[in-house]
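Which chain is which? The protein sequence lines are A and B, in order. Per our numbering, the first sequence starts with residue 1, numbered consecutively. Per our numbering, the second sequence starts with residue 1001, numbered consecutively.
There's no promise every hint is true.
Using 20 Å as the maximum straight-line C-alpha spacing, the simulated PhoX-like pairs for lysine-lysine come out as follows [to be verified]:
1) B:Lys1257 x A:Lys439
2) B:Lys1257 x A:Lys435
3) B:Lys1257 x A:Lys5
4) B:Lys1007 x A:Lys412
5) A:Lys103 x A:Lys251
6) A:Lys80 x A:Lys344
7) A:Lys439 x B:Lys1040
8) B:Lys1257 x A:Lys103
9) A:Lys103 x A:Lys242
10) A:Lys219 x B:Lys1136
11) A:Lys415 x B:Lys1257
Derived from the structure by calculation, the hints contain no laboratory data.
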Amino acid sequence: MNLKKWFVATLAIMMVVSLLAACGGKSGDGAQDSAGNTNSETSGDTSGDTSGAPGGETGELKGNLVIWTFFDQVNEMAKKFEEKHPGVKVEVKMFPGDQYQTKLLTALQSGRDVPDIFDLERAYIGKFIDSPFVADLSAMGADELVQNYIPYVKELGVSADGKVRAISDHSSPGGFWYIRENAKKYLGTDDPDEISAMVDSWDKIIELGQKVYAESGGKVHLIANAGDVFDMAAYNVEPWVKDGKLNIDPKWQEYYEVQKEIRNNNVDAKLPFMSAGWGNALNDGSVVLVSMPAWAGFMVDNKDDKAVGKYGVAKTPLGFYVGGTYRAIYEKSENKELAYEFIKYIASPEWQEYNLNKTGNMPGNAEVYEKNLDTFKSPMFGDQNILKPYYEMVKAMPGLKADKYGEDILSKWRKVAGEGITNNTPYEDVVAAFKKEVKNAFPELQID
Amino acid sequence: MNTKVNKSYYGYFFIAPFFVGFTVFGLVPILYTLYLSFMKWDGFTDPVYVGLANYSRLLQDSFFYQTIGNTLIIWILSIVPQLILALLLALILNEKFVRGKHFFRAVYFFPHIVTPVTLGVMFSLLFDWQTGSVNKLLMSVGILQEPFNWFNSPLWSRIIVALVTCWQYFGFNMIVFIAGLQAIPETVYEAAEVDGATRTQIALKITLPLLRPVFLFTFITSVIGGLQLFDSALMLGAGPENSTRTMVMYLYETAFKNFDYSYGSAVAFGIFAVVMFFTAVTARASKLKE
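Turn these sequences into a full structure, and let the hints guide you.
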């Protein structure tokens, strides 16, 4: 009898304990991780000392780094960094998809199991850049790293108080991609400079678009979507919020009217960016000039190298970029020196040039652009020096800081104005609907 | 005094796992959400107490009211065909002499296994106005002359979201109905047959009344489930003029896109109140009939 009682009691306790253990599993991991950090702290310190020493031999870096990202190419970065510094072990934790920022924010808030370096995407860097979680890189000498940077790339990593807090290893310029044969047929030339000149203003685009539409019997359109104008305008206008007030740049009105003209004159194929139809148009040429970022080459069907030499890239009326990944150091990381070495590495021409040749990702450092301007070729673009159009465009873009409102308000504008274009709504109505949305999402903003 | 009742406390250990799990994963988050709803917190700085400010903002939030309306419309558009379809199929597949009924039961249940996100993506591709197969089909049959932009029309956007939900759940409800039908004793039918009742009379006077508890179950679960509609709708987007933005989508946008956790918490309690209200209405309405 007694034995049976014991058995029952033990079983019950085991069940409860195992449940608690499962719940506590996470904190156990955390403890282990922070232990790992303590380990690396000591070695990190030594590494700091070595690199601080005269003639600092970088080969002697030691320690462990933890990087959080949503972007798989960080693995390559980590690999190259480890090759260069065999004493360093870089652990890349990847969280694909849009849950990354929530996950990151939760970790930063709780302060447990936190990475040394974390990636921030253009879409939400503005929310993080002025937060206390992000270390001041200027204090570690980062101004020097970005002095030759493309202005816009540098500025996005700078906080409101003027300190560098995040650095990207790339720019993400966009341009008009076209199929060469198609351009010859509808535009009369496949020369990128000539095409760039043909579409350097909205009026020219609208006129040319009407011609293409008429000549193709309504089957071919000049551009994919009137919404492309949003991309081009987005970072060439005043910030959305100035001194706590909603600020609608008057240029938006001009762009909105242009967009309606484009739509009403059949200049665009009404295909949204990255939709299935858009992908088809890019490959089959039912759209002559597809505005897209340099990194979107994976949308091209290049099976059996059939797209080799198929495309050209021309300049858009305004320079633009889409997205961008920035790397910041966690303020309370015990591994800052080593983390900074990593940031230094990805900001270096050495890595960016390697990356350009390996993945075709455009550099953030202007030096790398200039050095490769006449030599870099990409198979899809044949013998065109594609850095040229991109470089000319991004160089001219204003360096604007990211704030916590900009991207969200921009996406509200895209949505409301996009619907307006489809339904041919007057500008005033669009602005009224837009203001209502902004007011609702950000009641703290002053709206006239 | 010696009682025969065993007052041993070991029983508590056996029920403890549920309560521990519920406290950690259910109760604490709920209470924390309640706490947050009285704060102002964007996730980056420390929360600041603001009293009922979030709730008064919620009461004046026309976008929130719109999402309640959207959710109800979508729910009604999906629940009516869903229950009719489920009931009809259940009645048919419960017949003794239908061939391959097990096969069809399985087939109709399949959509329920597919994740809602996949369904959302699938339907958005099907109904894409330029490349989607629905438009192509309608045009080749001659019903449409030129492609129709489904997702530019508030009504059609809602119908499509409702269609996804309907398609996803009719199989599940059908199984529930079949289970309910099989629980009706054979003897009642036999008695009816002996008394010379027609098939329609049997269906209307015996089957349907005896199915009422099952009806009530599916109805209440679908009120709760339908009002929490989220994933498939999210994949189809907020729609023109936010016409397919559901309550939970609004919660998600507020809390996890705008990082307004505090207001998001207030929205969550707003949704709770709405769902409670409609559940109570449903339960009450079904009682009144008795």
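Evaluation of the provided hints:
no.: 1; hint: B:Lys1257 x A:Lys439; result: 16 Å, holds
no.: 2; hint: B:Lys1257 x A:Lys435; result: 18 Å, holds
no.: 3; hint: B:Lys1257 x A:Lys5; result: 54 Å, violated
no.: 4; hint: B:Lys1007 x A:Lys412; result: 63 Å, violated
no.: 5; hint: A:Lys103 x A:Lys251; result: 37 Å, violated
no.: 6; hint: A:Lys80 x A:Lys344; result: 13 Å, holds
no.: 7; hint: A:Lys439 x B:Lys1040; result: 17 Å, holds
no.: 8; hint: B:Lys1257 x A:Lys103; result: 13 Å, holds
no.: 9; hint: A:Lys103 x A:Lys242; result: 30 Å, violated
no.: 10; hint: A:Lys219 x B:Lys1136; result: 16 Å, holds
no.: 11; hint: A:Lys415 x B:Lys1257; result: 15 Å, holds
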